[in-house]
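The chain contents come next:
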Amino acid sequence: MSEPLILGIETSCDETGIGIVRGTQLLANEVASSMDLHVRFGGVIPEIAARAHLEAFTPTLRRALETAGVQLKDVDAIAVTAGPGLAGALMVGLSAAKGLALATGKPLYGINHLVAHVAVGLLDRADTTGPALAPNTAALLVSGGHTEILRVGSLTDDVQLLGSTIDDAAGEAYDKTARLLGLGYPGGPAIDRAARGGDPAAFRFPRGLTMPKFEGTAEAPGKHRHNWSFSGLKTAVARAAEQFQAQGLEIPVADIAASFQEAVVDVLTAKAVRACQEHRLTNLLLGGGVAANSRLRELLAQRCAQAGIELTVPPIPLCTDNGAMVAALGAQLVAAGVPASSLAIPADSSLPVHRISV
Amino acid sequence: MLLLALDTSAGASLALLRTDNDDAPVVLHSAETQEPNAHAEWLAPAVTEALSEAGVDGAEVDGVVVGAGPGPFTGLRVGLALAHALAEGWGIPLHGACSLDSLALRAVDAGITGEFLVTTDARRREVYWAHYESDQEGSRLVGGPFVGGAAELPALAAVGAGVGLYPEQLRSAELGSGSAAWTPHAAELGRLAHGALTGQLQGVLCAPRPLYLRDSDAKVPAQMQAGSRKVGL
Ligand SMILES: [Zn+2]
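In order, the protein sequence lines correspond to chains A and B. Residue 1 is where the first sequence starts when you use our numbering, and the numbers rise one by one after that. Residue 359 is where the second sequence starts when you use our numbering, and the numbers rise one by one after that.
Some hints here could point you the wrong way.
[Stated by the list, open to error] Chain B side only, calculated, beta carbon under 7 Å to chain A, not exhaustive:
no., residue
1, A402
2, P403
3, E407
4, A408
5, G413
6, V414
7, G416
8, T432
9, R435
10, A439
11, L440
12, A443
13, V578
[Unchecked claim] Cβ-to-Cβ under 8 Å is the rule here; a few derived chain B residues that face chain A:
no., residue
14, E399
15, V436
16, L444
17, W448
18, S497
19, L571
20, D575
21, A576
Source of the hints: derived by calculation from the structure; they are not laboratory data. Beta carbons: idealized from backbone N, C-alpha and C, even for Gly.
Please construct the entire structure, taking both the sequences and the accompanying hints into account.
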């Protein structure tokens with residue numbers, strides 16, 4: 001069999017993504033974002049996102065098929081995000097995927113969104129002779145909806161969660177802080193921009209879960225050694241800003257933004273790199289929308305280089321949520337002979353990362 | 359003509375209907391679930407089963423009919439998303455119909471005459487409703503669909519689950535067939551769509567887009583409101 005032709009559908013948050021791949025070759029990656037509709041709310045509103053998915057589904061599908069120059073009947077399987085994500089949003093993509101699978105008679109693969117963020121790293125690599133995925137790969141996924149570090153032994157049957165946020169996702173912390181500082185939405189780019197003119201050392205904001213009682217040691221790791229927490233940071237930023245306000249002084253937005261960003265990026269990269277070292281993972285893939293953040297990329301690259309870890313950052317349109325990543329994982333599952341999903345699969349908003357397909 | 363009809367405006371239902379000419383369509387298969395929140399898992403396998411039970415290949419289906427609501431948002435979208443994808447996958451037309459029309463047809467079949475209301479559960483102490491009338495000339499929509507409190511509706515005989523929920527405010531039509539508990543069914547929407555597609559009925563089909571009738575309820579946080587560039591926690 002030649003490389004499988006896979007259609008991937010992603011609707012777990014505010015992007016309606018349809019991607020088409022042949023094996024590891026990217027043929028189409030069409031995304032319709034409802035982000036503009038959420039701007040005035042300062043965050044993604046699940047009902048608005050779900051409504052937008054239904055509106056965008058068919059036009060986005062048609063664009064993807066046209067871009068790829070293929071027809072639905074040529075596709076070997078339909079892959080769709082089954083979780084984790086916003087339940088109502090997931091259900092739109094899942095129901096549509098079932099309809100396409102049913103109408104075309106092709107197998108359905110309900111897949112894990114987080115693992116798909118890693119699978120996207122396989123697409124359109126310059127060197128296709130090497131192994132599909134470097135052995136000992138870790139993935140750091142950072143977005144408005146998730147913040148995780150994974151160990152990926154195999155994309156099709158061995159993914160382990162090493163650590164994650166215990167409260168807000170990093171991207172969510174950016175959104176909330178940007179809202180607090182009146183910088184608008186989405187917070188990531190807004191804070192990145194504001195931080196450029198600021199002093200990252202002006203404020204010493206907390207690095208969550210870094211106290212010894214949480215971290216323990218490499219030999220006797222504490223419960224939260226590889227976990228993050230960003231809710232305390234958000235409170236510290238609010239308190240700092242309030243102090244200026246109470247004295248009738250102008251809030252030093254650039255300094256606060258830069259110091260906030262430094263706190264997020266410092267703890268994210270420090271913990272991610274240490275998790276790699278302690279699990280002897282020598283390759284790290286960065287995924288999720290926050291991968292676009294300039295300071296995160298800079299500091300992560302620096303710390304990976306110091307630790308002898310090879311860092312891969314896919315092109316940004318493949319880091320943010322998209323259908324191509326879903327298709328990329330679907331292609332791996334099909335090639336590995338993993339059984340297809342039933343048409344009765346539910347959306348699972350908290351699908352654990354070790355469940356690669358459902 | 360072979361039509362597949364789906365509705366997920368209250369519970370979930372489907373029907374496969376066939377006609378050879380302008381005759382009334384024959385329901386080859388119909389199924390439903392009242393299980394709340396199970397639409398997403400139930401519907402697609404139920405379509406597969408309907409096709410196999412009826413012994414037809416999906417490629418023979420000439421059109422998909424979908425209930426556009428009104429109904430609770432998440433469930434409603436399950437039917438619409440599936441219907442859009444089926445129509446796209448089969449390369450056939452997709453037709454929408456107001457889900458409340460299903461109960462209007464059932465009431466007319468049960469012998470209702472004059473003006474009447476169809477009401478279904480809109481949760482939050484409200485009903486989805488529409489105003490119909492039936493006489494010698496036939497039956498027609500007078501107004502709706504709307505969403506509102508049962509007490510605000512015109513004082514007319516009513517059918518549908520709204521009546522069972524708000525018996526104080528709504529007067530049950532005396533049809534003697536459990537009409538105060540009726541919920542829409544795809545089989546009736548399929549019959550109505552067939553009538554429309556064969557030119558026997560007018561004003562039945564609508565765009566296959568959800569009739570939400572309510573906004574998303576999202577509130578703009580104080581910090582995001584115009585001109586705010588200050589801290590407020
Ligand atoms: Zn994501």
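Now for the hints, and whether the structure bears them out:
1. The restraint placing A402 (chain B) at the interface with chain A holds, with a minimum CB-CB distance near 4 Å, inside the 7 Å limit.
2. Because the beta carbon of P403 (chain B) sits about 5 Å from the nearest beta carbon in chain A, less than 7 Å, this interface hint is met.
3. Against a cut-off of 7 Å between C-beta atoms, the interface hint on E407 (chain B) is violated, since the closest Cβ of chain A lies about 10 Å away.
4. A hinted interface residue such as A408 (chain B) counts as satisfied when its beta carbon comes closer than 7 Å to some beta carbon of chain A; here the least separation is about 11 Å, so the hint is violated.
5. The interface hint given for G413 (chain B) is violated, since its Cβ lies 16 Å from the closest Cβ of chain A, which is over the 7 Å cut-off.
6. Given hint, V414 (chain B) at the interface with chain A, is violated; its Cβ is 13 Å from that chain's nearest Cβ, farther than 7 Å.
7. The beta carbon of G416 (chain B) is positioned within 7 Å of a beta carbon in chain A (closest approach about 6 Å), and the interface hint is therefore held.
8. Interface restraint check for T432 (chain B): the shortest CB-CB distance to chain A comes to about 5 Å, inside 7 Å, so the restraint holds.
9. Taken as an interface hint, R435 (chain B) checks out: its beta carbon lies about 5 Å from the nearest beta carbon of chain A, inside 7 Å.
10. Interface hint status for A439 (chain B): upheld, as the beta-carbon distance to the closest one in chain A is roughly 4 Å, under 7 Å.
11. The beta carbon of L440 (chain B) comes within 4 Å of a beta carbon in chain A, closer than 7 Å, and the hint placing it at the interface holds.
12. This hint holds: A443 (chain B) has a C-beta 3 Å from the nearest C-beta of chain A, less than the 7 Å allowed.
13. Evaluation of the V578 (chain B) hint against chain A yields a held restraint, the C-beta minimum of about 5 Å falling below 7 Å.
14. Checking E399 (chain B) against chain A: minimum C-beta separation of about 5 Å stays under 8 Å; hint holds.
15. The beta carbon of V436 (chain B) is positioned within 8 Å of a beta carbon in chain A (closest approach about 5 Å), and the interface hint is therefore held.
16. With a least beta-carbon distance of about 4 Å to chain A, the hint placing L444 (chain B) at the interface is held under the 8 Å criterion.
17. Of the supplied interface hints, the one on W448 (chain B) holds, with its beta-carbon coming within about 5 Å of a beta-carbon of chain A, less than 8 Å.
18. Interface hint status for S497 (chain B): violated, as the beta-carbon distance to the closest one in chain A is roughly 31 Å, over 8 Å.
19. For L571 (chain B), the interface hint is violated, the least distance from its beta-carbon to any beta-carbon of chain A being 13 Å, above 8 Å.
20. At a threshold of 8 Å, the smallest CB-CB gap from D575 (chain B) to chain A is about 7 Å, leaving the interface hint in force.
21. Because the smallest distance between the Cβ of A576 (chain B) and any Cβ of chain A comes to about 4 Å, under 8 Å, the interface hint for this residue holds.
Comparing the model with each earlier hint shows violations of hints 3, 4, 5, 6, 18, 19; every other hint is respected.
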